[in-house]
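J.: Here are the chains, one letter per residue:
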Amino acid sequence: MRFILTIIIWVVIVGGLWSYSKQRQIVEASIVRQNPTIAKVEDVYSLLLTPTFSIEPDPFALQTENTDGAVELRLNGITIPVDADSLRRGKPWILDKVGGLVEGQNEIYVEASPPISESDLEHGVRVQVLKGEVAAVDSTLWSKQGSLVSGTIHFEMKARDDQHDH
Amino acid sequence: MARTRILFLVWCMVVLTAGSAVAETVGARLKVVTSTTQIADFVRQIMGDRAEVVSVLAPGADPHTYQPTPDDVKIVLQADICIENGIHLEGKSWMATLAKDAEKPLVTATAGLEPLHIGSGDQTIMDPHAWFSPRNVALYVNNIMKAVSDFNPENSAEYQARTKLYLQQLRVLDAWVREQVNQIPPQRRILVTTHDAFNYFCREYKFNEKNDFLSIAPVGWSTGAEVGAGITPERRKMVVQSIRESGAPAIFVETTINPKQIREIAQETGVAIGGSLYSDSMGPAGSAGETYIGMMRENVLLIVNALK
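As they're listed, the protein sequences go chains H and U.
Each residue of the first sequence is one higher than the last, beginning at 176 in this note's numbering.
Each residue of the second sequence is one higher than the last, beginning at 170 in this note's numbering.
In short, the hints are calculated from the structure, not lab data.
Worth double-checking, as some hints may not be accurate.
To be verified - Restraint ranges, calculated between C-beta atoms of paired labels, are given here:
| no. | chain 1 | residue 1 | chain 2 | residue 2 | range |
| --- | --- | --- | --- | --- | --- |
| 1 | H | E297 | U | A326 | 52 to 60 Å |
| 2 | H | A334 | U | A454 | 53 to 61 Å |
| 3 | H | V189 | U | A265 | 43 to 51 Å |
| 4 | U | V242 | H | E297 | 46 to 54 Å |
| 5 | U | D291 | H | L223 | 56 to 64 Å |
| 6 | U | K375 | H | L296 | 55 to 63 Å |
| 7 | H | P232 | U | K429 | 40 to 48 Å |
| 8 | H | I179 | U | D218 | 35 to 43 Å |
| 9 | H | R264 | U | Q436 | 47 to 55 Å |
As the list claims (entries may be wrong) - Below, simulated SDA-like cross-link-like pairs (lysine to any residue); rule was C-alpha separation at most 20 Å, straight line:
| no. | chain 1 | residue 1 | chain 2 | residue 2 |
| --- | --- | --- | --- | --- |
| 10 | U | K315 | H | S221 |
| 11 | H | K319 | U | K375 |
| 12 | U | K333 | H | E247 |
| 13 | H | K319 | U | Q349 |
| 14 | H | K319 | U | R198 |
| 15 | U | K375 | H | S294 |
| 16 | H | K333 | H | V309 |
| 17 | U | K333 | H | P232 |
| 18 | H | K319 | U | W345 |
| 19 | U | K333 | H | P256 |
| 20 | U | K375 | H | K272 |
| 21 | U | K406 | U | I287 |
| 22 | U | K375 | H | E217 |
| 23 | U | K333 | H | G326 |
| 24 | U | K315 | H | P234 |
| 25 | H | K319 | U | L342 |
| 26 | H | K319 | U | I462 |
| 27 | U | K375 | H | P290 |
| 28 | U | K333 | H | K272 |
| 29 | H | K272 | H | P256 |
| 30 | U | K333 | U | N321 |
| 31 | H | K319 | U | Q337 |
| 32 | H | K333 | H | T212 |
| 33 | U | K333 | H | Q320 |
| 34 | U | K333 | H | S322 |
| 35 | U | K243 | U | R198 |
| 36 | H | K266 | H | S221 |
| 37 | H | K319 | U | E348 |
Predicted model, so just to flag it, every value in this text is computed and none were measured.
Beta carbons are placed, not taken as given, at the ideal position from N, Cα and C, and that holds for glycine.
Please model the entire structure based on the sequences and the hints provided.
T.: Written out as structure tokens, the structure reads:
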């Protein structure tokens with residue numbers, strides 16, 4: 176009798192837990208998640224990166240099939256390919272007609288590795304987003320001695336910026 | 170009384186049910202067996218809690234002369250993957266033998282590294298102590314990351330993210346070592362240790378200029394009986410002469426090797442013992458040298474304080 180009672184209690188507890196988790200799965204499946212509509216920026220912008228150093232092969236880079244780890248540039252989470260050899264000290268690297276800018280909050284992530292031989296210096300990368308010759312964004316990311324130059328720049332954009340359309 | 174028993178039985182069943190679920194999760198962890206404590210630390214940094222990492226060598230053990238035990242065979246038999254340093258660090262290739270006998274995949278962490286060649290004439294030997302340069306460690310961790318990602322591809326993004334963070338820490342460590350070593354005037358950068366383990370360190374951070382930026386030690390590259398290993402009267406004489414000529418203010422013992430030789434040389438030349446450096450093995454759990462970065466930091470602080 177005691178044994179049967181124990182089995183019954185066990186079945187009730189486990190069955191209850193199973194039924195509760197099943198119920199949650201059904202409720203979660205019924206929720207309709209709407210993707211927010213994001214308006215693209217209509218104006219044409221260009222992106223400029225100006226480093227204080229020339230990119231060299233980085234012994235501390237993550238070596239994968241997709242990246243050599245020397246430079247990483249992302250706009251709103253989307254990777255923009257950058258040829259490491261084209262980033263030279265003091266010379267602006269220019270990307271015309273930047274795609275992926277949206278109305279509202281945007282962010283640019285930059286990561287670049289200064290040469291190991293210059294690990295005693297503080298290095299930086301100037302990031303500019305220009306419409307014509309007018310800067311919508313102009314920020315510089317700085318590194319500490321020996322570390323990577325890396326950081327995120329947040330900025331806001333309007334769907335169409337009429338202020339500068341003359 | 171009967172009610173208490175029943176409640177106890179119910180409680181046991183619930184615990185057993187929950188326990189089996191937990192065991193299933195824990196069972197999913199990979200078991201990685203490494204030869205040295207340094208490599209075990211690199212694997213932990215890359216795999217986090219995804220792996221149970223076991224080092225065959227205990228902290229303070231000497232890889233050159235180590236003799237595997239029946240317990241090591243049991244540990245390797247349970248492994249999913251084995252990782253060794255390579256370049257003959259593991260005397261008589263004991264890690265490769267253990268992995269081969271247990272039919273387990275073996276990864277060599279130094280694959281692709283250009284080792285330093287030490288010695289002269291026909292007796293040149295590849296130096297296995299490559300971890301004394303953080304740049305080389307970057308290669309170790311990239312090799313380990315690729316191997317474990319191939320073995321366990323569903324978690325490869327996670328392994329890459331952890332490796333990337335660790336590589337940044339290594340980069341900062343390297344810059345910090347350069348900044349610390351810079352406090353020692355170049356003429357006083359004389360590093361004398363028990364055995365020839367610090368060649369990569371001397372090359373990277375410009376110690377022992379008169380010895381072609383290689384380490385000065387009475388015992389050769391290995392404490393075992395291999396070619397170019399052990400102590401010879403010529404080596405000892407050379408070390409004593411180097412100390413006298415260079416005016417080195419201090420010399421160093423190592424945590425994995427009997428300090429007798431160095432103490433005798435210190436007495437003979439009248440120089441101080443600068444401290445005990447971590448060399449072939451890291452420190453025990455709870456010590457400052459229980460991680461690779463901690464071990465390097467403590468070594469550099471000892472060296473800089475004794476020589477500057």
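J.: Indicate, hint by hint, whether the structure satisfies it.
T.: Here's how the hints hold up against the structure:
1. Between H/E297 and U/A326 the Cβ separation comes to about 32 Å, which falls outside the hinted range of 52 to 60 Å.
2. For the hinted restraint 53 to 61 Å between H/A334 and U/A454, the CB-CB distance of approximately 58 Å keeps it satisfied.
3. As the Cβ distance of H/V189 to U/A265 is approximately 49 Å, the hint placing it in 43 to 51 Å holds.
4. In this structure, U/V242 and H/E297 meet the distance hint of 46 to 54 Å, their C-beta atoms being roughly 53 Å apart.
5. Take U/D291 and H/L223: their Cβ atoms lie about 58 Å apart, and the range 56 to 64 Å holds.
6. The beta-carbon spacing between U/K375 and H/L296, approximately 18 Å, falls outside the hinted interval of 55 to 63 Å.
7. Between H/P232 and U/K429 the Cβ separation comes to about 44 Å, which falls inside the hinted range of 40 to 48 Å.
8. Between H/I179 and U/D218 the CB atoms are about 42 Å apart, so this pair conforms to the stated range of 35 to 43 Å.
9. Distance hint check: the CB atoms of H/R264 and U/Q436 are about 54 Å apart, consistent with the given range 47 to 55 Å.
10. Among the hinted pairs, U/K315 with H/S221 is inconsistent with the structure: their alpha-carbon atoms are about 37 Å apart, more than 20 Å.
11. At most 20 Å may separate the alpha-carbon atoms for a hinted pair to count; H/K319 and U/K375 exceed this at roughly 23 Å.
12. Our distance criterion of 20 Å between C-alpha atoms is met by U/K333 and H/E247, whose separation comes to about 13 Å.
13. Using a Cα cut-off of 20 Å, the hinted pair H/K319 and U/Q349 holds, with the two alpha carbons roughly 16 Å apart.
14. With a C-alpha separation of about 37 Å, the suggested pair H/K319 and U/R198 falls outside the 20 Å cut-off, and the hint is violated.
15. Of the pairs offered as hints, the one joining U/K375 and H/S294 holds, with about 16 Å between alpha carbons and a cut-off of 20 Å not exceeded.
16. For the given pair, H/K333 sits about 15 Å from H/V309 by alpha-carbon distance, which is consistent with the 20 Å threshold.
17. Straight-line distance between C-alpha atoms of U/K333 and H/P232 comes to about 16 Å, which keeps the hinted pair within the 20 Å bound.
18. Of the supplied pair hints, the one linking H/K319 and U/W345 holds, its CA atoms being roughly 11 Å apart against a limit of 20 Å.
19. For the hint linking U/K333 to H/P256, the alpha-carbon distance of about 19 Å falls within 20 Å, and the restraint holds.
20. For the proposed pair U/K375 and H/K272, the alpha carbon gap of about 48 Å is over 20 Å, so the pair is violated.
21. Simply put, U/K406 and U/I287 have alpha-carbon atoms about 18 Å apart, close enough for the 20 Å limit, and the pair holds.
22. A distance of roughly 56 Å separates the Cα atoms of U/K375 and H/E217; the hinted pair therefore is violated under the 20 Å criterion.
23. Proximity of U/K333 to H/G326 is assessed by CA-CA distance (about 15 Å); at most 20 Å being required, the pair is judged to hold.
24. Note on U/K315 and H/P234: the hinted pairing holds, with a Cα-Cα distance of about 16 Å set against a maximum of 20 Å.
25. Restraint check for H/K319 and U/L342: satisfied, since their Cα atoms lie roughly 13 Å apart, inside the 20 Å limit.
26. Between H/K319 and U/I462 the alpha-carbon distance is near 19 Å, which keeps this suggested pair within the 20 Å criterion.
27. Of the supplied pair hints, the one linking U/K375 and H/P290 holds, its CA atoms being roughly 18 Å apart against a limit of 20 Å.
28. Distance restraint check for U/K333 and H/K272: the Cα-Cα separation of roughly 31 Å exceeds the 20 Å cut-off, and the hinted pair is therefore not satisfied.
29. A distance of roughly 14 Å separates the Cα atoms of H/K272 and H/P256; the hinted pair therefore holds under the 20 Å criterion.
30. Between U/K333 and U/N321, the direct Cα distance comes to roughly 18 Å. Compliance with the 20 Å bound is thereby established for this hinted pair.
31. Taken as a hint, the H/K319 and U/Q337 pair is honoured in the structure, with Cα atoms around 12 Å apart against an allowance of 20 Å.
32. A hinted pair counts as satisfied when its Cα atoms are at most 20 Å apart, and H/K333 with H/T212 qualifies at roughly 15 Å.
33. About 18 Å separates the Cα atoms of U/K333 and H/Q320, which keeps this hinted pair within 20 Å; it holds.
34. With a C-alpha separation of about 13 Å, the suggested pairing of U/K333 with H/S322 holds against the 20 Å cut-off.
35. Proposed proximity of U/K243 and U/R198 is supported: the alpha carbons are some 18 Å apart, at most 20 Å.
36. About 15 Å separates the Cα atoms of H/K266 and H/S221, which keeps this hinted pair within 20 Å; it holds.
37. For the given pair, H/K319 sits about 13 Å from U/E348 by alpha-carbon distance, which is consistent with the 20 Å threshold.
Hint violations for this structure: numbers 1, 6, 10, 11, 14, 20, 22 and 28, all remaining hints satisfied.
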